[in-house]
Each structure stands twice: as C-alpha cells, then as structure tokens.
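Visitor: Now for the letters of each chain:
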Amino acid sequence: MIRFDEVSKVYSRGARPALDGIDVEIERGDFVFLVGSSGSGKSTFLKLILREERATSGDVWVAGRQLNRLSNWRVPQLRREIGAVFQDFRLLPNKTVYQNVAFALEVIGKSRREVKATVPEMLELVGLAGKERRFPHELSGGEQQRVAIARAFVNHPPILLCDEPTGNLDPGTSVGIMRLLDRINRTGTTVLMATHDDEIVDQMRKRVIELKGGRLVRDQDRGVYGLETV
Amino acid sequence: MRLRFVAGEVWNGLRRNSTMALSVALVTFVSLTFVGAAALTQMQVQQLKDAWYGQVEVSIFLCQPGAFEDNCAEGPVTTVQQDEILEVLEEGNVSDLVQSVYVETREEVYENIVEADDTGVYSHVEPEDFAPVLRIKLHDPEQFQVVADATAGLPGVQSVYDQREVFQDLFSLLNSATILAAVLAGVMMLTAVLLITTTIRLSALSRKRETNIMRMVGASRSLIQAPFMLEGAVAATGGAILAIAGLWFAVRYFVEGWLTGSIPWVDYISSDDVWAVAPWLILAAVGLALIASLFTLKRYTRV
Ligand SMILES: Nc1ncnc2c1ncn2[C@@H]1O[C@H](COP(=O)(O)OP(=O)(O)OP(=O)(O)O)[C@@H](O)[C@H]1O
Ligand SMILES: [Mg+2]
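Heads up: the sequence lines are chains A and B, in that order.
Under numbering that gives the first Met the number 0, the first residue of the first sequence carries the number 0, and numbering increases by one thereafter.
Under numbering that gives the first Met the number 0, the first residue of the second sequence carries the number 0, and numbering increases by one thereafter.
Possibly wrong hints are sitting among the right ones.
Residues of chain B placed beyond 10 Å of chain A at every Cβ, according to the derived structure [to be verified]: (1) Leu-183; (2) Leu-189; (3) Leu-258; (4) Trp-279.
Only pairs whose alpha carbons sit at most 25 Å apart, straight line, appear in this in silico DSS-like list of lysine-lysine [as the list claims (entries may be wrong)]: (5) A:Lys-211 <-> A:Lys-46; (6) A:Lys-46 <-> B:Lys-207; (7) A:Lys-46 <-> B:Lys-297; (8) A:Lys-115 <-> A:Lys-94; (9) B:Lys-48 <-> B:Lys-136; (10) A:Lys-205 <-> A:Lys-46; (11) A:Lys-109 <-> A:Lys-94; (12) A:Lys-109 <-> B:Lys-207; (13) A:Lys-94 <-> B:Lys-207; (14) B:Lys-297 <-> B:Lys-207; (15) A:Lys-130 <-> A:Lys-94; (16) A:Lys-130 <-> A:Lys-109.
Covered by chain B, according to a simulated footprint, are these stretches of chain A (three or more residues, beta-carbon under 8 Å) [stated by the list, open to error]: (17) 67-77; (18) 91-104.
In short, the hints are calculated from the structure, not lab data.
Values in this document were obtained by computation on a predicted structure and should not be read as measured data.
Beta carbons are placed, not taken as given, at the ideal position from N, Cα and C, and that holds for glycine.
Bound-form chain B, shown alone (with noise of 0.2 Å):
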C-alpha cells in the first residue's frame, strides 16, 4: 500500500514538474557525462603507463673515450668503476627499486649503432670507441629519479637516461585533461545540486496542502519526504544513464571506431570500460539527488 502510494505521488510529482523534472535530468547528464569522461581519461592514462612502462628502461651510459662530461676528465670507465656502479644497483640502497641489470658491451653498442646507421657516418668507428651501456629495468617506473640520482655523481658515469621521459609530455596533457573535466564535472555537479535543491522546494511548495493533511492524519515523516526524493533522485538517475549512454557511444565510435583506426600503436580504453565506470555515475547521481533533499526537506516538511 505505501510502496504504491509513494511509487503513485512520484509519477504524479514527476508528470506535474515535468519541466523541472527535465532540466534536472538534464544538467545531471551533463555533469556526470564531465565525471565520466574525467574518470575514462584517468583509465586512459593508467593503461598507457601499465603498457607502456612495462617496457621503459633505465639507461646508465658509462664514460666513452673522449667524453667531454665533467665526470669523464679521468678518461673513460674502466672496470673497476663499472663494477662499483653495478654493486650500487645491485647491492645498495637502490637495489630494492631495480628489477635486472643488462650490461651492453662495447661490441653490442657497437653493433647496435652500426646496424641501424643507413648514413654511412659511422663506418670509421670501432668498438673500442665506445663505452658499454646498463640498461636497467626498474620494479616502479616512477621512481626513476631515486635511481638517477643515485647514479648520476658516480665515477665513470657519462649521462643517465630515461625513455620514461619520452612519454611525461603525453601524460602530463592527459593529466591536464582529467583535471580540465574534473573542475568542469565540480561546477557542473554543484549546479545540479542547486538545480535539484530548487526543484524539490518547488515541487514541496506545490504540494503544501497535501503534505499538511498528511502531518494532520499523522503519517509518518518518512512518508512525507520520500517521495520529494525519489523524484529527485529519478530525475537525476535518467540524467545518469543519458551520461552513460553519451559516454559509451562516445567511446565506441570515436575512440574503438576511429582512434583505433588511425593511430594504432596505442592501447585504447575500449567501451567496456564504461560499464565499469556506469555503476557509480548512478551512484553518484542518487548521491547528489539525496544531498540535495537533505538541504531543502528538512525546511519545507516540518513535522
């Protein structure tokens, strides 16, 4: 009986503000589309590092003959300071941080250079102009600097180098995006929050006799506020799944039907992803519908 008379007094309510009940709708869908799109980009650049870093490496180029580096004036890395950087990443207090040490010989550095040098420049050079190379896979890509700085002063080391670098302006654009939609998904939200706040109040206001003849026959406080907000709440739930629905067509045709296409070489978030991120759009929608009720019904249903 009251399950049916509330589910009954939020049609009505609904049907009645239907304007306000789309504008609610409305700016929900707007803002949790910024939310999702937020949280997707976020998921975006996870996946980027986890691919990518999985393969970044660390590289120690040690004193070549002729190094001009202030740290190479005794001439280029002889054995012994080879093996005392080698026992700082593999014995010292970085050695926690680092996974494995490859050491690249002059012969391999050699090789390496040659092989891909279609220029002819260095036909002249040979081995011994080189100096080997560690190539150093780090268990947390992140914590680079900790290694480079460990290593950087060493004896014999010429320059540190991190591929990590290649990718820190990509992500840092990425991070500045998810920032960009978090802030536009704050304002938004807190819009709808106002929006919903007035809506409720206004539909409260319109339905004061009501609501007083309920207090007079004595039902219960929950009975009265309940359906104020659950047609906040469905309101905002629609303006959700329209979010969702932007999102998933957003991702399914731009990013798996285009992106995809035409710059393949990078792992996209796929439109699956959006069923991860659905459940709590929705979540946050009833979130803000029931905020928004608790602000307003505690003034305009008294007991």
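Extracted from the complex, chain A is given alone in its bound form (with noise of 0.2 Å):
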C-alpha cells in the first residue's frame, strides 16, 4: 500500500536532511505507528506519502502510484484515497458537526443524496450521534478530534493517516480515539500514526517504526514505544 525505496528529503540546500534513507513498506490493512524524539522526521513522512512535500531522492509509492512522478492535477485524486488527521483538528469553526464532515465529501463533488446518507452514519461510527448541530467551539477536545477523524475517513479511504492524534487529549480521551482508530483499521483501512505517546504504543502492541534524526532505527512487529527510553 505504501513503500519508500531509499527516499530522503532534504528541505534546503545543505541543511540536514529530515529523511535520510528510508526503506520500508506498509502493507494494506496494517496499523503502523511511527515513533520518534522531535525533529526526528515523522511529519516529513506523512507529508511525502500526501505528497505535500516531495522527496528529494527515492521513490515514494501509495496507493499503486510512483509520487515521484504524479503531476500535480492527478494530486487531488490521491488525496481522496488519503485520509489525514492532525493533532490540532483543523475543523472550520463556522460550520457545524455536520457541515464540516460534510464539506470534506462536497468539495470532491458527491451528489446532496449521497451526504446525507453517508454523513450521519459516519457521525454514529465515530459516536457523535445527536450532536450533528454543534459547533466545535461547543465540544470537547477528544469530540473534536472525532469530527476531524469523521471528516477524514467519510469517503472511506483506504489509508488513514495521523499525526500525534492525541497529543492535545488528555489518556482517558485519548484511549477512546484510539479504540476508534482501531476499529477503523478493522475494516480494512491502513492506519499510520505518528505519536509521541509511549503509553498507547505498549499498550495497543502493533507494529512500531522508529525514526531517529531521519533514518530509520527500527521496525517491529508488536512493538512498543521505545526500548532505550522507558
């Protein structure tokens, strides 16, 4: 689903590079978290597999498409098989619940029937039902994390990516997102998260890449979140 071959990226001349060789590969339907101190090249990660940014050598492939080589107007199209969740929520605070999750499926071009059928029902997957007319401003933090992964996951992509999801949660609320993720990776969607949380990543025991001053220092199956630090 998702492969880097050798794929560094460095952001200015001379700089050090925030990707630094990089081979991996993520299969479809696995759940991946990416660890690693700050700096240490997470975000450049997920921005290359959103082709955000583009790498400066190697080749990224998603979704059965080389990165490298996707012109910019095919761009969107790739997005829409992506679906991305920030630590700060980014939702638009003049819109409600509903609007907001809806927005994401208006601005790709899907029919008023198919928002209404589908909005509510991803509102209830992510256990918002019954507050489809509040504004973010009127919901907690963990609620607005849940809007944002509704907005993200209604077209149903098949990979989710996040990045540090719960670094504004409190444990309690973050361990309720969690079950959310992965219950979405349930059916079938790829899950890459990029966290600091150490308490999470032991206790979900899923596989774990380390990245470490841009190169990859470790990739484990049913890791935990890192072996020198705890």
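From the two separate chains plus the hints, produce the assembled complex.
Guide: What follows is the structure, given as structure tokens:
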C-alpha cells in the first residue's frame, strides 16, 4: 500500500536531511505507529505520502502510484484515497459538526443524496450521533478530534494518516480515540499514526517504526514505544 | 452540488470582505468610466468625420488675372493648362483618389461671389476678373495632402484649399481628449488590477484554513481557486455595471438632453452607443479580475 525506496528529503540546500535513506513497506490493512523524538522526521514522512512535499531522492509509492512521477493535477485524486488527521483538529469554526464532515464530500463533488446518506452514518461510527448541530467550540477536544476523524474517513479512503492525533488530549480521551482508530483499522483501512504517546503504543502492541534524526532505526512487529527510553 | 458550493463560497467571501469588494467595484467603476469615455469620444470623432467629410471638397483655385503667386507669373490660367490639370486629376496617378471633379466656370464663380456680397465691394468686378475653380470630391478626404501635392505645383494653379482644415482643430482637440481619457483609463486599470490582486490575496489568506482542508481531502485545484476568481470577477462586474450606468446618464442628460439643444448642428452620439460599448466594458472587468487572479492564486493556493 505504501512503500519507501531509499527515500531522502532535504528541505533546504545544505541542511541536514529530514529523512535519510528510508526503506520501508506498509501493507494493506496494517496499523503502524511512527515514533521518534521531536524533529526526527515523522511529519515529513506523512507529508511525503500526502504529496504535500516531494522526496529529494528515492521513490515513494502510495496506492499503486509513484509519487515522484505524479503530475500536479492528479494529486487531488491521490488525496481522495488518503484520510488525514492532525493534532490541532483543523475544523472549520463557523460550520457545524455535520457541515464540517459534509464539507469533505461536497468539495469532491458528491451528490446531496450521498452526503445525506453517509454523514450521519459516519457520525454514528465516531460516536457523535445527536451532536450534528453543535459547533466545534461547543465540543470537547476529544469530540473535536472525532469530528476530524469522521471527516477524514467519510469517503472511506484505504489509508488513514494521523499526525499525533492524541497530542492535545488527556490519557482517558486518547484511549477513546485509539479505540476508534482501531475500529477503523479493522474495516481494512491502513492506519499510520505518528505519536509521542508511549502508553498508547505500549498498550496497542502494533507494528512500530522508529525514526531518529531522519533515519529508520527500528521496525518492529507488536513493538513498544522505545526500548532505551523506557 | 459543486456549482452550489462555489456560489455559496463566493457569496460568503463577498460578505466577509464586503469593504474590499466595494473598493474593487468602485475602482473598476472609475477606471471603466474612463475607458468608456475614451471609446465614446472616439465614436463621436468617427461619427463627425463620416458626417462632415462626406460634404468636404478640395478646391483648386486657378490663376486669376493679376494674381501675384509665383505659379501665376505667366498670367491667368489658359484653357490648355486647365485641361492638363484636369488630366492629372482624372487620368494621372491620383485619379484613384478622386471621386468627381466639378469645374466651376468664371460666370458661376462670379455669380456666387456677387450674390453673397452685401457690401457692394464687388459691384465693379466682371466675370473676366475671375478664373474657374475645380471642386474635387475625394473617396477618402484624409488623402487631401496627396492630391494637393500632385496639383499645387502645376502651371495655372493659384492655390489648393481644403475645407477639411477647418475641422482639423476640432478633431485634434477631440483626439487629445481621447488620449487623455485613455491614459487615465490605463492608470486606473493598473490600480484596479493591483487592488484586485491585494483583495484576492487577503481573501485567500483569510480562508487558508478552508483551502488547506480542501487540499487535504482532495478537492481539485480549479474548485479551490474558482471562488476567489469569481469573487474578483463579480466585484469587478459590479463596477462595470456602475460605469455603464454612469456613461448612460452622462450621454442621456448631457449630450442628448443639453448639447443637442445648445449646439444643434453637430451629429451627436446617443445613449444607444453606450449599449454598444457596454459588453466590452463588462468583458474588460472580467478580464481585469482574471489577470489579477492569475498573478495571485498560483502562489496562494498551491497543490
Ligand atoms: N517546511 C520545512 N522547511 C524546512 N525544514 C523543515 C520543514 N519541515 C520540517 N523541517 C525540518 O525537518 C526536520 C524533521 O521535521 P518533522 O516535522 O518531520 O519532525 P517531527 O518528527 O514531525 O517532529 P515533531 O515530533 O516535533 O512533530 C526538522 O529538523 C525540521 O526542522
Ligand atoms: Mg510532527
């Protein structure tokens, strides 16, 4: 589903590479944690998959596409197959919960009927049934993140990328979010989550990829957050 | 769905940035008023030329007895000389330019002058004191100089006179007015483009969050950009409509209502001519907005 072949990313000439010779493959349906200290290149890794940034060298393959060769006008098509969730939720403050989720479908040209059919179903899945008419500021952080996940997943993309989705949440709320991501993973969706949250990683016992200074230093099935840091 | 979406976005954008939208509309209004004024002035010039040049003729005065021009040193024009001049006009290389030549005889010249004279100054002259005059109509009165050059030096020609010269001052005045309006229009259009560029940029920045989400969920580039382009185009079109209304009122009440009454011998443009200019002004407004968008959006809504 996602493959990195000797991928390096250098942001500005002469700077230390943010990613350095990464070689990794993520299969369809995998749940993968991406860990590493601040600045180790986790967000850069995710940005390459979204084609927000382009690799300086090496090949990035996502859903059968070679992203270095993907022309700009095809990028939207790629992004419709990837859901993305961020630490800061990124909701539209002047739209309701329902409208925030519907927005993702409207802008890719889905019909009103489809929107009406899918959005409530998705809000039900993330546990927000009954809160459709609330605005983001009327929700807790955990609930806002659920809206963001609903928006990312409403189109049923085969890949879900999460960049520190629990970074702004307390441990109890984070567990709820992780349950939700696990459920989404069980529908066959590939989930790739960058995180600093050692408790979560240790509890979930999923595959762990660790970056350090842009290099891949660990790739472990059913791993824990950090061997040396624990 | 998408159409509704874009329309909704445009509406929201205009509402949220209503002051900016208003300033875009106003600057477009002013600049297109100048553009329209320049176009209408040119139309007026053209109309005057068409009306007046049709009546204009070139007159070749042949040597009168006692004329002191160098060309007439050998005495009054002879029939042979007159025929040679006619031959140049009717068969020479300027004959293509000449529509018709009318030979006003001595007697006719005499009669015209005596008839128009109420002072009695001409009461002692005889037809023999005059020479015939050749009245020439040209296909294109602008070619006057060519005909004048070809005939002025011929033996027997006293002087060549073109009535067109009378209008020349008026036309050059109107042409200067057109140029002035065009230059002001140019400056104002530049201002409009810059202002629209700024507006679109602010609009794009203020909706960064929204466009970022759109990018993330895979909205096409055109869908992301369309609302901004349309916003500028709508505001600019508003300005164009104001400009058209302004020009229409100016022509209707100033030209048709006042000038026609006070200086009636001129054939004026009418408010119908404003309608002829109107589509072009709207096109110019949309064009301005699109140019400004192209400058801006590439940088502010990347893929
Ligand atoms: N747009 C950019 N331009 C220049 N350098 C950048 C850019 N984005 C990231 N970097 C650099 O690349 C390196 C990796 O950054 P990245 O954001 O991928 O780290 P991260 O692992 O996500 O960190 P964090 O855990 O703090 O989010 C850092 O050294 C950072 O300074
Ligand atoms: Mg990061």
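Visitor: Now look at each hint and say whether the structure bears it out.
Guide: Cross-check of the supplied hints:
1. Leu-183: The assertion about B:Leu-183 holds, with a minimum of 41 Å to chain A.
2. Leu-189: Nearest chain A Cβ is 31 Å from B:Leu-189, so the label holds.
3. Leu-258: holds (54 Å)
4. Trp-279: Answer for B:Trp-279: holds, closest chain A Cβ roughly 33 Å.
5. A:Lys-211 <-> A:Lys-46: Status holds; Cα separation ~17 Å.
6. A:Lys-46 <-> B:Lys-207: Satisfied, since the Cα-Cα distance of roughly 18 Å is no more than 25 Å.
7. A:Lys-46 <-> B:Lys-297: OK: A:Lys-46 and B:Lys-297 at ~20 Å, within 25 Å.
8. A:Lys-115 <-> A:Lys-94: holds (16 Å)
9. B:Lys-48 <-> B:Lys-136: Given pair B:Lys-48, B:Lys-136 holds - Cα atoms ~15 Å apart, limit 25 Å.
10. A:Lys-205 <-> A:Lys-46: holds (22 Å)
11. A:Lys-109 <-> A:Lys-94: Since the Cα atoms of A:Lys-109 and A:Lys-94 sit roughly 18 Å apart, the hinted pair holds (cutoff 25 Å).
12. A:Lys-109 <-> B:Lys-207: Roughly 23 Å between the alpha carbons, so the hint for A:Lys-109 and B:Lys-207 holds.
13. A:Lys-94 <-> B:Lys-207: The given pair, whose Cα atoms are some 15 Å apart, holds under the 25 Å limit.
14. B:Lys-297 <-> B:Lys-207: Measuring from Cα to Cα gives roughly 14 Å; hence the hint holds.
15. A:Lys-130 <-> A:Lys-94: holds (13 Å)
16. A:Lys-130 <-> A:Lys-109: Roughly 23 Å between the alpha carbons, so the hint for A:Lys-130 and A:Lys-109 holds.
17. 67-77: holds (count 6)
18. 91-104: This one holds; 3 residues, not fewer than the three required, reach chain B with a Cβ under 8 Å.
Hint compliance for this structure: every hint is met.
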